[in-house]
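Visitor: Protein sequences, first through last, are from chains A and B. Start counting the first sequence at 2; every next residue gets the next number (this note's numbering). Start counting the second sequence at 2; every next residue gets the next number (this note's numbering).
It is possible that part of the hints are untrue.
Which copy is meant is left open, so a pair is good if it fits within one copy or across any two.
[To be verified] Pairs of lysine-lysine residues, derived as BS3-like cross-links and limited to a Cα-Cα distance of at most 25 angstroms, are as follows:
1) LYS346 to LYS367
2) LYS388 to LYS159
3) LYS379 to LYS405
4) LYS214 to LYS191
5) LYS44 to LYS248
6) LYS228 to LYS158
7) LYS248 to LYS277
8) LYS191 to LYS229
9) LYS44 to LYS162
Calculated from the structure, these hints are not laboratory results. Computed from a prediction, not measured in an experiment: that's the story for all the values here.
There are 2 protein chains.
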Amino acid sequence: MILLPNPRELLNGNEMVTGGFRELISLKETLEIIKHNTKIMPKEEIPLENAIGRVVAEDVISPIDVPHFRKSAMDGFAVRAEDTFRVESFRGEKLKIVEKEEITQGECVKITTGEPIPRGGDAVMMVEYTETIGEEIVIYKRVAPGENVIEVGTDVKKGEKLITEGELLTPFLTGIAAGVGLKKIKVRKKPTVGIISTGNEIIDQNQKLEIGKVYNINSRVLCDLFKKYETIPKEMGIVGDEWEELKRKIKTCIEGVDLLVLSGGSSVGEDDILFKVVKELGEVLVHGIRIKPGKPTLIGKIGEKLLIGLPGYPASAVANFYLIIIPLLSYLLGVEFSFPIIPAKLKKKITSTVGRYEFLTVKLTKTSTSYYAEPMWKGSSAITNFKESDGFIEIKEEIELINKEETVEVKLFV
Amino acid sequence: MILLPNPRELLNGNEMVTGGFRELISLKETLEIIKHNTKIMPKEEIPLENAIGRVVAEDVISPIDVPHFRKSAMDGFAVRAEDTFRVESFRGEKLKIVEKEEITQGECVKITTGEPIPRGGDAVMMVEYTETIGEEIVIYKRVAPGENVIEVGTDVKKGEKLITEGELLTPFLTGIAAGVGLKKIKVRKKPTVGIISTGNEIIDQNQKLEIGKVYNINSRVLCDLFKKYETIPKEMGIVGDEWEELKRKIKTCIEGVDLLVLSGGSSVGEDDILFKVVKELGEVLVHGIRIKPGKPTLIGKIGEKLLIGLPGYPASAVANFYLIIIPLLSYLLGVEFSFPIIPAKLKKKITSTVGRYEFLTVKLTKTSTSYYAEPMWKGSSAITNFKESDGFIEIKEEIELINKEETVEVKLFV
């Protein structure tokens, strides 16, 4: 006859595993350990035309003024503003049209938008306010000095910082770099990430689906997530829950990558095997994190390289991708990967486990006044958790309950 | 002596061009004309591992149930629920551990999460509520039939529609497709888009920047924008404002692409040259749209292919990309490209031209209660308009003024 402890107590901060207890650490501590053990990727110089999406590795300084010459903002005539001051309503003033690079009193030059202002000129008279008679124009409006003229460096000054180290190159930034004449740009090398699915029950899509077997989802979903975050994912297959096989696989695979990510099968022993293998090949930094969903996640270091052991359930693995791997990639690439945040009212009450940092997928609906967020999480085992979700919310460790209609911050999947 | 009309009247709905007036049409009419003249891209079947981001061309139906066998949601023992009904507090009940594919009264099978439930079993007793003594377990809790059991098809039913034609493949969707065993998927072929910059003043980044010359920005920014929208952009160089040269260039380039996009230089004559060239090679569908920014944009059709003539100013060309080209690509690919929308309060009053549909870049700042949107537009000639913007707002034709603190919908650049 034994007295059993309340399982809730077991799970609060600690988790029972076969053979005993293991201390879980917080997400914050986990990310600090990861940061401390991550070395930023080296720089490489690449042609600007291949740079979209990449992380800038050095500030980009403009080598020129933009515009680099005084130009016209309008179609019309470049004039000396003072020549127009004599115009009064209903009495035009004549100017002589010349084709010169410099104008003097009483002269003007026909000019189109973007063309250089001739020396001596300091304003542009719009074509609408002129009448051309032979080699002269009659003007019907006064212009102030500088009117319709775009000065040198109005848009960008020579020596100005255009792009900051750590920015992700958008089309707008590559466009600006092209606009100041750059052909190459220094970016962070993309890390190569090896992806391995583990578990005796996991089969690939070419194998026959028998009772007890499950198609490999994690390699696909992780690989495709990694593609969105400036990395080069490499699918490295499936490995069973067998000590020697796993060890050999990890040893071989970690050679050619910057980061190795495994996702466990769902059998109970597998995380212990991984723990022992990593301990033998290197160092276990973290084993078990106070997050939900999350069967004990493992973070190890083999040589200078990190290895992440994610849970086997696809939904848990993806949740951990957002909570753990994206921050890791931010450190690795020296960039801040961020999500658009939409404030939304909760469509129904949420209860959460105190002591666990929780990840929850939600679907957004928009009314005329605000957004509503509806929790979509169907449990870690569901492969469809993310399908109809627009984003996720994070529930801090100390929160037990969020009421209906309370506002939460939804991070969008983009 | 002439009486000049008020220039505002000239611009309201009509625009004066060299040689006369031209009627402008609304954005809505423009998009209808484009839709009417766009043929959806053909389908192609590709391996699932290359499918991320692509547009699904046929509904994806699940060929299997997920899970496809009854499985355990927990680590513990598969039991017959009725065998546990005799348990009372402080009085355990013994079951015999067997290793069989079927259990009968008084028997149980050790099971780990994800493993198949043996025939005869209908519930799983969590390991925490058991004590193992030799070849028997003592159980201390009753379980209901179905407890901790995941039934066949709980997550996905065989024949269920998993992905709908026209969806963009996210990692979550490719993951689900992998999870039901798919190796290939039918998607829309990516359209090839040719990009040409026109204007005598435009030089490429290998040329010397002289007074009156401007580096080619549009090819870079358009090309990189097109990359984000499931197309294959092809930079096709720069062409001057010369009739025969432009005609030859268009004739050659349109052969190898699905869509040809030109951006004009800033000289006044160029859109007229384009107009005449397109009229000779095919048909001009639209010439001038009531949008701002937007020097007259041209939409032409040569054979079965569309040609878009964008304004020369990079900021105007990009605005037109958002207003005109993204909808065009939506029709071409059979997908709805959408933007995350954030409601935000205006940081300062905006005035707008009645009769023009206006595109305005804004920067967002977040307070604890809401977002604020600050207009960032510095005029069409600025190459830095988009650099610090988070998104854009659209101001409908009939709107003249939006007051400070009024709520606008910001479409995010993502």
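Visitor: Checking an output row: LYS191 and LYS229, CA cutoff 25 angstroms. Within, between, both or neither?
Guide: both (12 angstroms within a copy, 19 angstroms between copies)
Visitor: How do LYS388 and LYS159 come out at 25 angstroms by Cα distance, when the copy is not named: within, between, both, or neither?
Guide: between (48 angstroms within a copy, 17 angstroms between copies)
Visitor: Treating 25 angstroms as the Cα threshold, decide for LYS44 and LYS162: within, between, both or neither.
Guide: within (19 angstroms within a copy, 45 angstroms between copies)
Visitor: Is it within a copy, between copies, both, or neither that the alpha carbon of LYS346 lies no farther than 25 angstroms from that of LYS367?
Guide: This pair counts as both: shortest intra-copy Cα distance 10 angstroms, inter-copy 17 angstroms.
Visitor: Evaluate LYS379 and LYS405 at a C-alpha cut-off of 25 angstroms and name the case that applies: within, between, both or neither.
Guide: For LYS379 and LYS405, the Cα distance is within 25 angstroms only inside one copy (19 angstroms; across copies 43 angstroms).
Visitor: I want to check one pair: LYS44 and LYS248. Are their C-alpha atoms no more than 25 angstroms apart within a copy, between two copies, both, or neither?
Guide: neither (32 angstroms within a copy, 43 angstroms between copies)
Visitor: Up to 25 angstroms between alpha-carbons, please classify LYS228 paired with LYS158: within, between, both or neither.
Guide: neither (36 angstroms within a copy, 29 angstroms between copies)
Visitor: Regarding LYS214 and LYS191, is the shortest C-alpha distance of 25 angstroms or less found within a copy, between copies, in both, or in neither?
Guide: neither (35 angstroms within a copy, 36 angstroms between copies)
Visitor: For LYS248 vs LYS277, is the C-alpha pair at or below 25 angstroms within one copy, between two copies, both, or neither?
Guide: Within. Shortest intra-copy distance 9 angstroms satisfies the 25 angstroms Cα cut-off; inter-copy 70 angstroms does not.
Figure legend: structure checked against the earlier numbered hints; hints not met, in rising order: 4, 5 and 6.
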